[in-house]
Amino acid sequence: MTAFDIAVLVIVALSALGGLSRGFVHEVLALAAWVAAVVAIYLFHGVLTDLILGFFADNGLNAALVAFILLLLVPLFVMRALARWAGSKTRESALGFVDRVLGLGFGLVKGIVLVVLTFSIIALGYDTAWSAEGRPEWVTKARVYPFVHAASNELVDTVSKRKDLLLEEREAAQKEEA
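Be aware that the sequence shown starts at 1, since it is given in the UniProt record's numbering, and climbs by one per residue.
I should point out that these hints are in silico values taken from the structure, not numbers from a laboratory. There are no misleading hints in this set.
As a list, the in silico DSS-like pairs of lysine-lysine whose alpha-carbon atoms are at most 30 Å apart:
(1) K175 <-> K161
(2) K110 <-> K141
(3) K110 <-> K89
(4) K110 <-> K163
(5) K175 <-> K163
(6) K161 <-> K110
Between the sequences and the hints, there should be enough to build the whole structure, so can you do that?
Put into structure tokens, the structure is as follows:
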């Protein structure tokens, strides 16, 4: 086992144990909290920035920053409190065991996704600077490397295809408007 194997094992194990201790309901609602925060920023950032702009005497950057922080933290804290409450009620119920087992599975998947995302970002930076052939041997010789590398490539390909599709749709919409 290499250091990369150990790091992946630790990340996935900690995520799985966290899911086991918190339970499925808490894990899903905690994820929903992040989704709610992102949606709130997407939908309301412009409106809230304009509203706050009156308090910052035409300093748009400060208004935008305050709006971003508020739209990130308020939904996140509210949903996290709901997640804690609902998770504790579920764990205390007759479904507590099932909730924890499903939480273990959810945490396991979350850990794997975290490893793949982190590897993809680090590999992008490393490959840009030194190339994929220059990756350290302790990474490329790891037992988990083929899986993590393949999953990372799949993720990058999917994102790239989605980006191309969105660009094509935008160009088609612009042509229709013209």
